[in-house]
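Assemble the whole structure, with the sequences as input and the hints as a guide.
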Amino acid sequence: MSPQGGEGAAVIVIGGGVTGLSAGWWLARDGIDVLVIEAGAIGWAASGRNGGGCSHHHSPLFLEEQRLWPMLDELLGYPTEFRPNRIRIALDERQFRLYRRALENGARQGFRTDVLDPPQIRELVPFAGEAYGGYFYHFGGHANPHRTVQAYAWALQDHGGRLLQHTPVLGFDTRGNRVAGVRTPRGAFACDQLVIAAGPATGALAAQLGVALPLMSARAEMIVTEPLALMATGAVDGNGLYGRQTLRGNLAYGGGPHEWVELQDVGARAHSTVLQASIARRLYALFPKAAHARVIRSWAGFIENTPDGRPVLDRPASLENLTIATLSSVGFGLSPAAGRAVRDLVVSGRCGFADLSTLRLGRFAGLEPGWRALQGWLPAAAGGE
Amino acid sequence: MVPPGSRPHAPDPASVTGKAPPIGEATDLLVIGAGPAGVSAALAAAGRGVPVTLVDENPIPLSAMGEEVPLHFGGRMGAVVANRNAMLEAVLEASPRLAEAVDAGIDVRLGTAAWGLFPRRLTTNWIGVHVAGLADADRAYLIGFKQVIVACGRRDMGLAFEGWERPGVMGASAAYRLAKSYGALEARTAVLLGAGTEALQIADALSEQGVRIAAIIEQAEIAGGPQKLLARLVGKGARVLTRHIIEQASGDSRGVTAVRVAPVDGLGRRTGQPLQSIECDTVLLGVGAVAAIELLEAGGCAVRFQPERGGHAPLLDGSQRTSLPYVYAAGDCAGIWPSKTLCEAVARREGAIAARAALEALGVRAEGAPEAPSTPDGPAADAALERLAWVRAAILQAPGDPQVCQCEEVTCADILSLRPPRYLGRPRAPGARESGGLAALEDVPPHPDAVKRLTRAGMGPCQGRRCREQIAALLALAAGRPLADVPLATYRPPVRPLRLDQLAGLAESAAMAQHWDSWFGMPTQWVPFWRVPPSYTVAARCTEGPEAAE
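As they're listed, the protein sequences go chains U and L.
With our numbering applied, the first sequence corresponds to residues 648 to 1032, in that order.
With our numbering applied, the second sequence corresponds to residues 399 to 948, in that order.
Everything labelled a hint here was simulated from the structure, so no lab data went into it.
None of these values were measured; they are calculated from a predicted model.
Among the hints, erroneous ones may be present.
Said to hold, decoys possible - Some chain L residues near chain U, calculated using beta-carbon distances under 7 Å: (1) K417; (2) L740; (3) E742; (4) R890; (5) P892; (6) W914; (7) P926; (8) S933; (9) T935.
What the hints assert, rightly or not - Over 12 Å on every C-beta distance to chain L, these chain U residues come out as not near it, computed from the model: (10) G818; (11) G857; (12) T880; (13) T920.
Don't be surprised by glycine CBs; every beta carbon is placed ideally from N, CA and C.
And the structure:
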C-alpha cells in the first residue's frame, strides 16, 4: 500500500535516484522508519542516464565504493549487473598522460593498474584498432544503472522502508530550527529527520528551507548500439568517452559537451540532439572494428553540478535535522558509499568510515553571488551564438 | 544572468555553446515522406519561389528490411529488392506524381531516411537552426529547414502467437508496400488477421495482385471493415472466421506453411471447440494500423492517445500544425480513421493544408480559398478496446507463453512477472519483490519505459516497432486500466538504426573536438580529496591541471 498523508516517518528522503534510494536502503536496513518521496518515477533523471562506471579514485568515498560493489547484489538481493575492472584506451599521448592519473590515485590507495601496449589492447579489446596505449585498472567496474536503481528501491522496501512515486514536494513545515514535515499533493508527512537528495532539484528544495546550495544543471547525452559479441571485459572506454559494453552486448557510451539549462524552463524530458553524431565519431575511433554496429537509441538527461563539481554531503548548521546530498554529476558509482554516508550523517551527525570534510557546504561561504555567469555556466543564447 | 553594466563573461568552453555543427545543406520547406500527403504538400508548395525538398526512404535497403525496419516485412521480400536500381525504378513507376514533383523543381531525394528531427527549442538552441538528420545508402548528414511537413505514414501493430517469428508472418502495410511500391511481395496464399478497414483494404489490393486470401480471422463478433470489401474477398474464396484467433503458425525452413486457428468467446477464451488448420505461406497482421509518429515524438511535438485518430497521434490545429509551430503532420502519421483510409484524397488534402500554412509562415501568400480543416469523422470502432481484445485473445489466453519482443526474446510471462533478461542467467531465485511481478513497480499502470529497462522488452534493433503496442496493451490489461492511461514509451533518435561509421561521418565544428576528456571541464572536480583546498571561490579556483574525467 502506498503511504498516505498524515503517516509521517522517522526519516523522509526526498529524491528517488541512486543517492536517495541508497540512503533510504541503508536507513531501512538499520530498522529506521524511512519514507522516500520521488516527484516522478524512480531513477528517471540523472540516475537513469549515466555510464554505469564505478571507479572514483579521487573521492573520499572511493575505498567504500570499491568495497561495496562486489557484494552489492548479495546485500540488495537483486542483480545490479556489476562487473569488476576497467580498461581505458588512449588514442594519443595526451590521453595516455591524462588517464595515468587513475593509476597514481589508485596506487596511493592500494590498487593495482597495468599499463597496456597496443598489442595487448588488440588482444583484450576485439573492437579496438590502433591505440597509443592504455591501462587495465584492477579496480572499479561497471553496473546497469536502471537495474541498480530498482534494486535499491526493492531492497529498501524489503527492509520495511516506504516509497512514494509521482509525488512532488510542494513545501515544508518548520518548527523553530527544525523541519517538521513535508507537504505534498497527497498530504503532509511529518518527519524527525529530512534528507534532500533530489539531484538537479536539490538546490531549489534547500532554498525553500533557507539553505543556499549553489547548483546548476546541464543536459548530457549518450548513445547505444545494437547488441554485439561480448568482450571479455565490458568496461572499456577512453578517447574522451565514458561507458561500457552492457552484459547484453550493446555499446552504451556518452561524453562531449554539456548544455547548461534553467530547469524550470526546459520541462521534465531531456531530448538528445545532433551531439549523438559526435559521440558516434569518437566511439568509432575507439572501436573501429564495430563500424557496422547500428546505433539504435540515444538519450539525454539533466545533471546537477556544484560550482567546483564536487559533492555536498553535509548537515547545514542552520537547521538541526536536515541532511543534504548532491553528488554533483558523479553519483552512480559512488551511490553505495554515498547512501551509507548519508545514513551515518542522519543517525550520528558524522560519517564513520570516511572523512567528508572536503564535501562540506561551508566551502562555498565566500562564493561570488554571480558565480554562474563568472564561470560561463549559462544556457546557450536563443540566437544560437 | 549577467548584471547590467558588467563585462559579459565567456561561455563555459566545455559546454555546447559555439559548437554548432556546420550545416552543409539547407532548404526552406522540408517534406518527409513521399506518399499521397507528402507529394501533395510538396507540389502545393512548388513554384512559389520557396526551395522545397522532398525526401523518402524508399527504396529501403535490404539490410533494414531484414531487421523489420521500418515495417514488419517478415522475410517475404523477393530477390529483386537487393537490386537498388530496379527498386528505384519500381518506386518511381509506382508513384507517377514523384516525376511530377521532379518536373516542378522540387529537390526529390529517394532512398533517404529521416532519422531525427531537431527543431530549434531551448535544448537545441546551440545548433542555431532547425535541422533534420537524413541518411542515404552512402552517408548520414544534416539539412537545415525553416518549416517541415512530416508525412511518414503508418506501420502495423504486431501481435504475438506461437510461431509469429517465422518468415511469412508480416505486417499488412509491409505486404502492401512490397507489392505496390516494389512489385516484390513473395506471397501466394495469405491468411489475414484482422478485419478492420485498413486490413480489408490491403487484402483487397493484394488480392487484385494475385495473392489468394484464404481466410480472414477476427477475434470480434463481426468483421468491422466495409462490407463491400469483405464481400469481394469472400467472393474470391476467402473464409471469414469471426470469434477466432491464430493460435500457432507452423512451417518449415522457408517459413509459414499453415496456421491453426481457435474459436474464442467474447473475452478471448478458447471455447474448447476443435481448432482448424489453414494452409498458407503468409500471415498478414492487420489487427491495427499505427500512425508513424516516431520522428514527431522524438522531435518534441506533443502526442496524445486519440481514439478518433486510431491511437497515439500528434496534437494538431486546423492547419495540421503540431505543438511546435514550424512542424506539421499530414497523412496517416497525423492519425488514421476509416474514411481517410478509404479515400486517398483526405491525405492529399492534409498535405495541401499543411503546405499552405507552411508557405504563409515563410511569407508566401496562399492562392485560392483555404481548405476546411481535416478532422476525423468519428471512430468506426474503438481502437483502444480492439487492441486490448486482440492482445487478450492472442497472448493472455494463449495456451503457451508467446514471445512478445522478438529482438530480445521476451515473453508475455517475462513482462507480466518483470523477469530479468535471459543473459542474467536462469533459473535464478528471484528477489522478494521481483517475484511480485509488475505490481512491484507500484506504478499503476506501469510505465512501459520502466518495464523495458527491467525486462528489455522493446529494446532491440527493430526499435520496438513490432512489440510496443502489444506491451502497452498487456500493461493496461494487467493493471485493469484503459489503454489510454498507459504512458507512451518514448521514441529516441536515431529513429532508424544507423551504422556507427555512418553516424560518425557527420561534419562537426573544430571547436567540437575540444574538452572531450573533461566531463564538465572542471579541474577542481577531479582533484583527489587529499589535495582539496578548504574553500572555493571563482576568483581563486584552479583552472589549470589535468581535467580528465574519471
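Next item on the list: Double-check L:E742 for me: the hint is only fine if its C-beta lies closer than 7 Å to a C-beta in chain U.
Entry: Violated. Min distance 33 Å.
Next item on the list: For the hint on L:P892, just tell me whether its beta-carbon gets within less than 7 Å of chain U.
Entry: holds (6 Å)
Item checked: Proposed interface contact between L:T935 and chain U, which counts if any beta carbon pair is under 7 Å -> Result: holds, 5 Å to nearest chain U Cβ.
Next item on the list: Check the non-interface label on U:G857: least C-beta distance to chain L beyond 12 Å or not.
Entry: holds (21 Å)
Item checked: Hint check, L:K417 versus chain U [nearest Cβ-Cβ separation less than 7 Å] -> Holds. Min distance 6 Å.
Next item on the list: Quick one: work out the minimum CB distance from U:T920 to chain L and report holds if it exceeds 12 Å, violated otherwise.
Entry: violated (5 Å)
Checklist line | Restraint outcome when L:P926 is required to lie within 7 Å of chain U by C-beta distance | finding: Check passed: Cβ of L:P926 comes within 5 Å of chain U, closer than 7 Å.
Check: Under the criterion of a CB-CB separation shorter than 7 Å, is L:W914 in contact with chain U as hinted?
Finding: Constraint on L:W914 satisfied, holds at 3 Å.
Next item on the list: Grab the minimum beta-carbon distance between U:T880 and chain L and tell me whether it stays above 12 Å.
Entry: U:T880 clear of chain L: closest Cβ-Cβ about 16 Å, beyond 12 Å.
Checklist line | Minimum Cβ distance from U:G818 to chain L greater than 12 Å, as the annotation requires | finding: With a cut-off of 12 Å, U:G818 remains clear of chain L, as the shortest Cβ separation is near 24 Å.
Margin query: Take the shortest C-beta to C-beta distance between L:L740 and chain U; is it under 7 Å?
Written below: violated (35 Å)
Next item on the list: Under 7 Å, Cβ to Cβ, is where L:R890 needs to be relative to chain U, so tell me if that hint holds or is violated.
Entry: holds (5 Å)
Consistency with the previously given hints fails for numbers 2, 3, 13, ordered from lowest to highest.
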